Every structure is written in C-alpha cells, then in structure tokens.
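**Q** Each chain is listed here by its residues.
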Amino acid sequence: MTNQAAPTERAGQSNAPQGSERSHTLVVIADDQHGALDRIVGVLRRRRARLQSFALGRSELPNVVRITVVMNDSEVGVEQLVEQLRKIVNVRQIVNLSSEHTVVRELALIKVNGASSHFNEIVELGHLFGAHVVDVAQETVTLEVTGNEEKVEKLVSLLQDYGIREVARTGRLAMARGAADL
Amino acid sequence: MQTAATITQQPEIAQISSAGSLRETGPLHDEARELTGSQILCEALIREGVELLFGYPGGAIMPFYDALTSYPALHHVLVRHEQGAAHAADGYARATGKVGVCVATSGPGATNLVTGLATAYMDSTPVVALTGQVARPFIGRDAFQETDVLGVTQPITKHNYLVQRVEDLADIVREAFQLALSGRPGPVLIDVPKDIQFSKTLYRPSTRLSSNEYARAARTQQPSPAAIARAAQLIAEAQRPLIMSGHGVILANAWSELQAFAEKTNIPVITTLLGLSGFPETHPLAIGMPGMHGPAHVNRAIGVADLIIGVGLRFDDRVTGKASEFAPRARFIHIDIDPAEMHKVKPAAVPIVSDAKAALKALVEAVEPGDHRTWISEIRNNEAQDQDHIAAIPRNTVHPDPISILEAIRAETHGDAIIVTDVGQHQMWTARHYTWTRPNSHITSGGLGTMGFALPAAMGVKMGVPDATVWVVAGDGGIQMNIQELATLKQEGLAIKVAIMNNGYLGMVRQWQHFFHSGNYSETPITGPDYVQLAAAYGLTGMHVTRHEEVAEAVHQAMEKEGTVIIDFVIESEANVYPMVAPGSAITNMIEETEESTGHD
Chain W
-7 MTNQAAPTER AGQSNAPQGS ERSHTLVVIA DDQHGALDRI VGVLRRRRAR
43 LQSFALGRSE LPNVVRITVV MNDSEVGVEQ LVEQLRKIVN VRQIVNLSSE
93 HTVVRELALI KVNGASSHFN EIVELGHLFG AHVVDVAQET VTLEVTGNEE
143 KVEKLVSLLQ DYGIREVART GRLAMARGAA DL
Chain E
503 MQTAATITQQ PEIAQISSAG SLRETGPLHD EARELTGSQI LCEALIREGV
553 ELLFGYPGGA IMPFYDALTS YPALHHVLVR HEQGAAHAAD GYARATGKVG
603 VCVATSGPGA TNLVTGLATA YMDSTPVVAL TGQVARPFIG RDAFQETDVL
653 GVTQPITKHN YLVQRVEDLA DIVREAFQLA LSGRPGPVLI DVPKDIQFSK
703 TLYRPSTRLS SNEYARAART QQPSPAAIAR AAQLIAEAQR PLIMSGHGVI
753 LANAWSELQA FAEKTNIPVI TTLLGLSGFP ETHPLAIGMP GMHGPAHVNR
803 AIGVADLIIG VGLRFDDRVT GKASEFAPRA RFIHIDIDPA EMHKVKPAAV
853 PIVSDAKAAL KALVEAVEPG DHRTWISEIR NNEAQDQDHI AAIPRNTVHP
903 DPISILEAIR AETHGDAIIV TDVGQHQMWT ARHYTWTRPN SHITSGGLGT
953 MGFALPAAMG VKMGVPDATV WVVAGDGGIQ MNIQELATLK QEGLAIKVAI
1003 MNNGYLGMVR QWQHFFHSGN YSETPITGPD YVQLAAAYGL TGMHVTRHEE
1053 VAEAVHQAME KEGTVIIDFV IESEANVYPM VAPGSAITNM IEETEESTGH
1103 D
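Chains W and E, in that order, give the protein sequences. Going by our numbering, the residue at position 13 of the first sequence is 5; the numbering climbs one at a time, nothing skipped. So the number in our numbering is just where the residue sits in the second sequence, counting from 1, plus 502.
Isolated chain W (complex conformation):
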C-alpha cells in the first residue's frame, strides 16, 4: 500500500529465501493512549513493512484498540516486525493470524453510475454477492458488500462496466475461529 518498491535487503531478511513473501495478518491490541497509534504506524514505516491494509477500531475492552495489519512479507521479516512492535509500551499483544482457522472479512462501499437503464442489473449483480443497496440517487447506486478481499475485488471488477465513481474499503479484519481467543 505504501511501499511498492522492489524487495531489498532489510533487517530480519538475512535468512529469508527470495520470493518467500506472502500475506500476513497481524492483530495488534494496544492501549488507546496518546501517541500509541503514531508509534505503531511509525515502527511499521521505519522498519519498512510492506503494508497492504491497516484497520483500526475499538475492541471488547474499554480504552483498548484492535488493529488489523496486513502485510506482504517473508516469515522472518514479519517476525522481526512483530518483535519491534512488541517493544512499544502501549502494545499489549500481537498475534499473527495467518492460519486457515481465521475468519477474514472486509467491508466495502461501492458507488456506481446507476442510470435507470442499468439500475436493475447493478442491484441483481450486487445480490449475487450478498451486497445491499445503501443509497440510491438520481445518478448513482451505492452498494455495501462484506466478505474476503477476493469477493470484494470480484464485485468491484464486475461493476467497472457501469462506471465506478468511488470505492471505500475498510481493510481486512480478522478473528481466530472457535474458542481460540487471542
């Protein structure tokens, strides 16, 4: 997202085989204190994380935020980042939720040119993806879709034909399945 540069030698990469990068989902639980978010973002920037998405919101605890970070990196690169993040005083916990036993969701709002001739097609297409119409105006239809990134991307690409005006995506949220709490 912010770092699309070609792979270069970085900290923690000394034993990372070339091309071993893959998508990792980190869940960071942090105290909602002044400057905490700055520090988390700062470490990701400074340690050159290849960020794909970053989602922040409240958790089940008061004054504790839950951040879901997706990055494309090798195993050792991610481990190095996890250790660096763990040193932030306000960070309570970090979990790498990259296994299959994880529920992964993203929400997207997609505003499409919705001239009346295509209105029904757009709504039907949306329904195939479980999307809801959340706004209809003279020239636009706005759909809300939830799912994994592939599903969201698929719908976005199918809607291209009608002319997309805006897309807003939350970034990935993740949670371990079953009783395996963080």
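Hints are not guaranteed to be accurate.
List time: in silico DSS-like cross-link candidates among lysine-lysine, alpha-carbon distance up to 30 Å [to be verified]: (1) W/Lys79 <-> E/Lys824; (2) W/Lys146 <-> W/Lys103; (3) E/Lys766 <-> E/Lys863; (4) W/Lys79 <-> E/Lys863; (5) E/Lys992 <-> E/Lys1063; (6) W/Lys143 <-> W/Lys103.
Which residues of chain W face chain E? A partial, calculated answer using Cβ under 10 Å [as the list claims (entries may be wrong)]: (7) Gln25; (8) Gly27; (9) Asp30; (10) Arg31; (11) Val35; (12) Arg37; (13) Val68; (14) Glu71; (15) Gln72; (16) Val74; (17) Arg78; (18) Lys79; (19) Val81; (20) Asn82.
Simulated from the structure, these hints should not be mistaken for lab results. These numbers come from a predicted model, not from an experiment. Using N, Cα and C, we set each Cβ at its ideal position, and we do this for glycine too.
Guided by the hints, dock chain E onto chain W, whose structure is given.
**A** Coordinates of chain E only, in the frame set by chain W:
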C-alpha cells in the same frame, strides 16, 4: 545505583512544613499533600534518586524552574545549549548506570535535545528528558514555541508522554524512570504542558515498584536452560570460537562474568567499539576491536572462526561490513536482552534473550573448561606479523602523533582515567590504541556517531563520577560543535582535561574522500580558534603543542593544573586510520597501511 535498601529505608515521617509543604532535603513523604505539578515533578525526581539535572529554562518550563529553587537536593546544571544537556545526561548515565536527566523548554528547547536523545537511543543509555509544552488550550494551535515534541521524538525514544492531567504526573515520572532503565535501556521523554505545571492536586508518591527494583526484576529473568545447554554444546564442539562483547556487557555490569566465561572456556575476546573497557585489554585473551577500523588480525580471525558468541551487541554494519560475508564459517550464539535483535543481521543458531550478566553466569556453569591455545597462537602470530609490518613503516616524528598522546594520557593517569571521545579519526585511534583496563572507562557515541558529543558528555561523566580523572579526546571539527559548554564547565568548577587532535581537517571525512572520492577534499579543510586564547576567554587554561617531544610534558602539566585544561595538539594533517574496510565490503577485505600511503607530509 541507588539500592532498594536505601529506598525502603527512607523514614516515613511526614515533615510537612509551612506554606507549599516544601522540604529542604531528606525523607520522602507518604502523606498526601496539595502540590503544584512543578512541585510534584521535583518530588518525583527526588524519589527516583535524581540529584543532577542538566537543562536550560524557557517560557513553557518556567513554573518547573520556579519550583526548583525550593528543592536544593536537585542540583541543576545550566548548560549553554540544550544539546549539551542531553549529551551530559547521556554521559552521566553511561558512567554511573543511573538515569541521566535533562530539561528543556518547548519548541526550540525540545528540538535541540533531539540529537542527544537519538544518540542515547542508538547506544541504549537510560535518559529521561523533561520538556515544557505550551498550555493545554494552546496545543494544536501553532502557539508560540509549540512543537509536536511527541511526534518529533517518537522514533528516537523508547517511549514518550504528553501529560494530560496533573493527577497522572507522579505515576508518569515513576514509569518513565522504570522504562528508561529496564530491559534494553533508552531515553524516555515527558512533555509537560505549562498549565499542568501550575495546577494543583493532592500528591501522593507513586507506589509503583521503583525503577531500580524494576530493572533488577527484569534482569533476574533467567535465560532458558535449553538454550544454555545448546550453547554449551556448540562451545564444546568449536575449534575456532570467538567471544564478541558489546555494550550490553557494560550496561549489565557483567565484566567479571565475561572474564570468568572467557577464562573457563579459553576463548579469545573481541570487544566492539561500545564494548571497549568491558574486558581488560591487558588480559591474554583480549584480542581487540572488530570491524571497519579493527586491526587486521581480529577481522581475519572472524573470517575463519567457526563459532561467534555475541554478548550484548547488535552486529552493527560498522562491525560486520558486508553482513552476508561476515564470519562466513561461523555459527552464532547471540545473547541480547532485546528479542528484536535476534536474527536481525545474522541468524543465530542459539538465540538467548537475556541480560548479559545472567546469561554469562549460566554459561560459566554450563560449559566445560576449554583449551584453545593453538587457535590463540594463530591469532597472535597474525597480530605479530601485522605489527612488524606496521613498525617498518617510517613515521613522521616531528608532530605529536595520536598514539603517543594516548600513551601519555594513559601513563599520566595510570589507566584510571575515564576517556570520552568524539567522533572521527581520533575516536578510532583512541579506541584502538588506548589500552583499556578500567571497567567502563571508554565513553563514546557509537551508533549515531554524534560529533560534538564528547565535551558535554564528559561534563556528565565528571559529575557522575567526581573522583575520576576525565579526559576528552576530540578532533578539531567535533570540539567546535559544542564548544560553548566550556562556559558550563567553568561555572560548575569542573576539571576536565581536553586533548584536541588538531589536523586542520574533518579528518575522517577527508580520509573517505582520499579513498573513495578521488582525493577531492570537498569542504573538509577547517580552521579553528586559537585554543589557548579561547580557553583564557572562558577563564580556563589552554596549551598549544606542536612537537612530538612535548607531548608527555604537556599532559603532565594539564594534570597538574587545576580546573579544565585544553591542549591543542597539532598532529600530522593527513594521517589516516588503518586498516580500513570500505563500507559494504567484507571485513576481511581491508585497506592496509603501506609505505606509500603515509607520504602526506
């Protein structure tokens, strides 16, 4: 370091005096009293064992300075530039192991601390910085002298606080000291808005664990027995093992454990720049410094070693050169208190996340006595060959030469001095040619390489260890960067001896230009003041030495004279530091001194 005993022994008698409840010195109060934020800061600092503050007043920190005069237990040193305050606090911390404290106002005062904080951060030294901030209603409105200091210092502090409520202040100070000292030490900044310094609240000393107790608790964590056993096994198998000892050994006061470990296993010891004086260089197992300016035999030994036991170091690029070709035949045992250092540069066969002292203690018990005489004599033979080669090169004998200056200082102080160096050629000469024997007697800015560090840092060192003789060794470039602190030295009546190795160049940059930029000496010739007159202008003593045979007498005179003395040693102008590894090269690929390379007279 203040012990837990002295903390708990504080009598719990409340001696509440009249208005303001201020006290002279003495016992800590456990009863709640209504105090201003500024008074709470002073109380909390005293409770952390602080005796010295280095700082500079200004608008947003004035309420604190107003309170300060009522707390004579806190000795404030008025520096001449906030950068000097940060370096002095850092020097104090390095020399004493206690937290160094610096104080500045908002805006420019705080931003002037930045270089000093970054220096402390890179070298993992415990510093607490207090900065004033504009009053809360003004924050975010681009008020006069407002800077987002939290944002500015975020990547160069372990943690930082903007105090939002006066009620939080006591706990924040306590926590800041805990954080600065615990685990891998580092700087922590507390930004205190001016209105919080004024506002009153009921003050009760923070009941959290004291910082020193916290630090000890963290250190008593034992290294994993499995890792120690595995390490002992690798040590037993190794034919050509090396110990590499870094700053962590000094930070953990682990010199006797290091020596016991080296002696039991009979493994030679390499000390990194910041590890120097962590192991006595007169010891038969001491072989020297590695890396860019390490002597050839050390780098060659690393090149053929089959086991590297790294203790409290982070395999900095000045140590490793090209990391992939560093110690290519070796397995690594890496001991460091910071888990993020494991595998960062070199993958470790045995990572041991632990305080150096605890890990070395455990290793001494776990290992079998070793015998590496053949390996050691191989290294020593290499060393002797190099020395013969170097001795055969004709020298300029007119000017004072750096090595004889260092030898004179060592002879005059019997090796008991603490030497504070700046950054550049003189730093490397001092690191290499001063024979370090006093534990923790070498103070320098390693990671950040901060020119202008030495003079203010030496101030902190001297105030932290007043009985020690403190020598500054600096170049004529770096000494001019914080020269204003001579006024502070005079005001505080401090006796520091300063040796300037003056070659009329920014010597290390010139050396790089010589080797890597076709000798294009772009902006490296530099002039300076007449240091004798300069010293006199500050009310200090200055000397000017241009001849080799005058060196020893000048050093002797400097020791005889009271107060701070500056000696301007005019050295050969284009001498280089040898050997040298080009940045990005393997450390076994060194530029070595030859007869031709010395022809710059």
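**Q** The structure should be examined with respect to each hint, and the outcome stated for every one.
**A** Evaluation of the provided hints:
no.	hint	in the structure
1	W/Lys79 <-> E/Lys824	holds, 27 Å
2	W/Lys146 <-> W/Lys103	holds, 15 Å
3	E/Lys766 <-> E/Lys863	holds, 12 Å
4	W/Lys79 <-> E/Lys863	holds, 26 Å
5	E/Lys992 <-> E/Lys1063	holds, 14 Å
6	W/Lys143 <-> W/Lys103	holds, 17 Å
7	Gln25	holds, 9 Å
8	Gly27	holds, 5 Å
9	Asp30	holds, 6 Å
10	Arg31	holds, 6 Å
11	Val35	holds, 8 Å
12	Arg37	holds, 9 Å
13	Val68	holds, 6 Å
14	Glu71	holds, 8 Å
15	Gln72	holds, 6 Å
16	Val74	holds, 9 Å
17	Arg78	holds, 7 Å
18	Lys79	holds, 6 Å
19	Val81	holds, 4 Å
20	Asn82	holds, 8 Å
Hint check: no violations occur; every hint is consistent with the structure.
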